[in-house]
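Protein chains in written order, with the working numbering: chain U, 1 to 485; chain A, 1001 to 1342; chain V, 2001 to 2236.
Don't read these hints as lab results, they were simulated from the structure. Where a beta carbon is used, it is the ideal one built from N, C-alpha and C, also for glycine. Careful, some of the hints might be misleading.
Unchecked claim - As a list, the in silico SDA-like pairs of lysine to any residue whose alpha-carbon atoms are at most 20 angstroms apart:
#1 U:Lys157 / A:Asp1298
#2 U:Lys238 / A:Ala1047
#3 U:Lys238 / A:Gly1203
#4 U:Lys122 / A:Ala1047
#5 U:Lys157 / A:Ala1047
Said to hold, decoys possible - Sample of chain V residues at the chain A side, in silico, Cβ under 10 angstroms:
#6 Asn2005
#7 Cys2080
#8 Cys2084
#9 Gln2090
#10 His2091
#11 Ser2092
#12 Glu2093
#13 Tyr2102
#14 Phe2125
#15 Asp2126
#16 Arg2144
#17 Ser2145
#18 Glu2218
#19 His2219
#20 Glu2223
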Amino acid sequence: MSERAQILVGRPPQPEDREQAQQIAQAQERHLLLDPRPAEEMEESILRPLSRGSVWYWTALLILGGAVLVAGLTWLTQMYWGMGLTGLNRPVMWAVYIANFVYFIGIGVAGTFISAVLRLLKFPWRAPVTRAAEMLTVFALATSGLFPLIHLGRTWKFYWMLPYPNQRGVWPSYHSALMWDMTAILIYLSSSVLYAWLAMLPDLGIARDRFEEGWRHRYFRILAAGWRGTEGQWRTLKTAITLFSLAIIPVMVFMHTIVGWDFAMAIQPDWHSSVFGPYFVTGAILSGAAAVIIVLAIIRRALHLEYFVRPEHFDGLGKLLLVFSVAWAYMYFNDYLVPWYGQEPAAKVIQQLFERGAASPLWLLMLFSNILLPWATLWSRRLRTSVPVVVVVSLFVQVGMYLERYLIVAVTLGRNELPFDWGQYTPHLAEILITIGAFSLIGFLFLVFVKLFPIIPMWEIQEGQMLHALRRIGALLVPTRAELD
Amino acid sequence: MANDVLLALFDDLDPVPDAMRKLRQMGLPDDRVTVMSSVPYQSQILARPRARDRMPRVALLGAILGLVTSVSLLAAAFLLYPVVQGGQPIVPVPPSLIITIEVTLLGTMWTIFFGFFVVNRLPAFGQPVYDRSITLGKIGVVVRPDEAQALEAEKALREAGAGDLQRLSGDEGAGNRAWIRFVLGVAGVLVVGAGASLLFAYGVIRIPFPSQMVDQDSVGYVQGPRLSVPAEAIPVQGPVLLADQPALAPVPATANSLQRGAVLYTIDCAVCHGVHGTGDGTLSSFFNPPPADLTSQDVQQLPDADIFLAITQGRGDMLKLAENLSPSQRWDVVNYVRSLQK
Amino acid sequence: MEFPNRRWTMIVDLDLCTGCSACVIACHAENNLPIVSEREVVRGRAMHWIHLERYWDGAYPRIQARFIPLMCQQCELAPCEPVCPVYATQHSEREHLNLQVYNRCVGTRYCQNNDPYKVRFFNFFDPVFDEPLQQQLNPDVTVRSAGVMEKCTFCVQRIRRAEERALVENRELGDGEAVPACVQTCPPSALVFGDLNDPESRVSRILENNPRSFRLLEHLGTEPSVYYLRGGESHV
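Excised from the complex, chain U in its bound form (with noise of 0.2 angstroms):
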């Protein structure tokens, strides 16, 4: 065992030492952190994927490829014919498309919150998932920063909504909650890329001193662009990383309550609550860890990195994932139940439409998926740890958090304040070939990624290795930290 891992313990050995060896076992096993391996062996496990490749692989790119090429020609096809390819009508002119945009916008929020508020905060769990976390939501915030664009009637007009100097006479209307979100989306997705590479550096050294020769060396160094681990590259690269997380962390609140805001600036029944800023934050993060934990997972099985993902991180996730179902439950009760106490006819009739009428078995498996299900599972740790039974609540969660946004913004558009002008909406082709595309998009480019990419960070787990350690008090070894900020 390395020094790395101090054992301080207030007395020699004693007899018990079969004891203690035994819980000195348990505790490495369970907790990454305590449970060092020497450098060189850890980083060959991470970087072995970016070179090794299987026919799982290979086959899974090749189909989800496939999908997104098939996403791709049909948004143009879609572009060439119009949106009347849609199943858009009047007054449902909004469902799908926008469903999805809100919804991958809630996967990517989580990413960076779980990256940076679990930094700022310290906890001891956050080591290896920092990295996946952050590269979903630069690659969700990607899927969703397209549906924008794929709802648009005219794409091809799209930069007029870019503030800059023309010769039209005539600039974006900020009093449109639309350009909030182009202006909150752009920065929160190059933010995001950034703040990933910013915490990649030091990885990508690494990085660069393994692979030695060859293609992969070079854009390793030029992407390392100089990272020696110089104490002031350090020093600057922690402060760096401290002051972004402070400064992205109100951005990506911002970002998903502007998204909110959408709805909440219409004069739809339904849409019209003050509610809708915090509650789509709330709902985002939930959406966003249970996708962190289905990332994780796969990546863990599929790269064989057992030992970096282990069952406290989802235990940990597991505990997010229950905090924030709790959070949102109590968020959705309030924007039920002004409306229902109110009894204004037209939020009435959507709210029998959601209890009674035909959306209502989307709304039940909305309430079971999201509140029933996590509450009924995750308070238990032997649960938590487990890591299938994570993994499945987390996919329900999924289909529940992407129902909630198709029952706000498909569903409620068929209803307003003229009966006259209700309307159903039912998905077409185009757009079901669209979201599959969306959603193998991000898996696609996750797949990339991990080819190219460490998906682990290995200097967070090395840092982390170095301050934790274990300390007997009495008869129980403690897992504790070192402060060292």
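Could you slot chains A and V onto chain U? The hints should help.
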């Protein structure tokens, strides 16, 4: 002449503070020593003075830049071309707050990112002093001693337990200059790019792109109906009007038409205008002015419609032949008269 | 050219309206509205800038049809305006009209979501005018392409024409000179159009102290420019 640089690699953390103390005792200033590691160590761990950290000021600068950008952006968007929407004031306060906060944070974050690279003079050019084993867990100590202290420093490091000691020549100057050139190059590219995009933004360079609503199917006031005649139809009432073209004879000058025209000409026109249209027919001497020379420029440059009208209504002493010839027969004669010039 | 301020207002007398839909046809003819196919209408994409909202009242055999012609209400505080990110829908302060700029619209459709009267229509496909029907198109009104929102404009092209003619002839615009196609066509003259700023106009005189007048969805505070006059027993 660059001095030699010493790079000592330690297998573990513990000997490093020792080495630092020895070097300090030797009289080596702290800024001549750099420690490189694969995990961040606090300066106190290494028994080193605290490294300078300019990032908070960089972040503040970024926030100010972001604030200025957002105010300019909003001023431009709302005040350059004011438009009334929905009873909101021209400069609405809550949306302005939202955008201001967002763009300020954008400025902060981007400045932190790029500031990090600037502060550390990254990307590094030239050959910075480094060893690959540092990322395997070794700790590298770089010492830049004077000529006089070089040997002593080497001894101190070995005594402290350095596993590997190398002498390298390091020249920071070239790397710095290359870095400045790189930054200026990037800035230059950005400026040129912005300028070039302004050319597009202001329409100096236009990309032709089909704009559907420019070409309208509706018929304008100054245009006649854009109906073109079906091939088998023969409008006999008058000249055919095609948009933007002078009036044309509705009967095309085919061989049949010319033949018919020749026959009709012989019957109705040759007696005055002559067999070959030169105005020297049998009766030509009885008219003053004489019948027109149909082969002359004066006649040939008349539009078809004029010749048709002359036949239909007469002209001067010429009789009107409306009752003698049907309209299509008149057009045949017009075609024949046209062919007379050739 | 400087035109005087107007407050264009439309009055719909529900007692006179017979539901004949002549206004709908007139609007189609005047404003180059496309006929979307039967399939599209079933999908809910019919495009009638003015249409009759019909509600069934009562049970068999005492069923009554209640209908109300609905067109863009040209709201003073239009909720559809501030949500457009490209200023394609704006407010004309001089004429108190809600303007729709076709060639600026990028098709986000936010305005329709925010419109409580749902009187905005989106071009889901390119409009098709079979030959020779395109000869009938009004050259004063753009034929909109796919991806563009459109709505009733109070026949702003006719208003413009009337005002230009009045300016050229150096006289005031008379009441009833600027008349939208629907108003011109309505057989029982249930639609009245005019300038509320002019105290002598028909609209002003009808609306003065009229107990029958009401506006749709007034509680939303949109301040529409269309006034409805309550009907008798058999109507709304």
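Practice item. Identify every previously stated hint that the structure contradicts and give their numbers, smallest first. Key: Those not satisfied are hints 1, 3, 4, 5, 6, 14, 18, 19.
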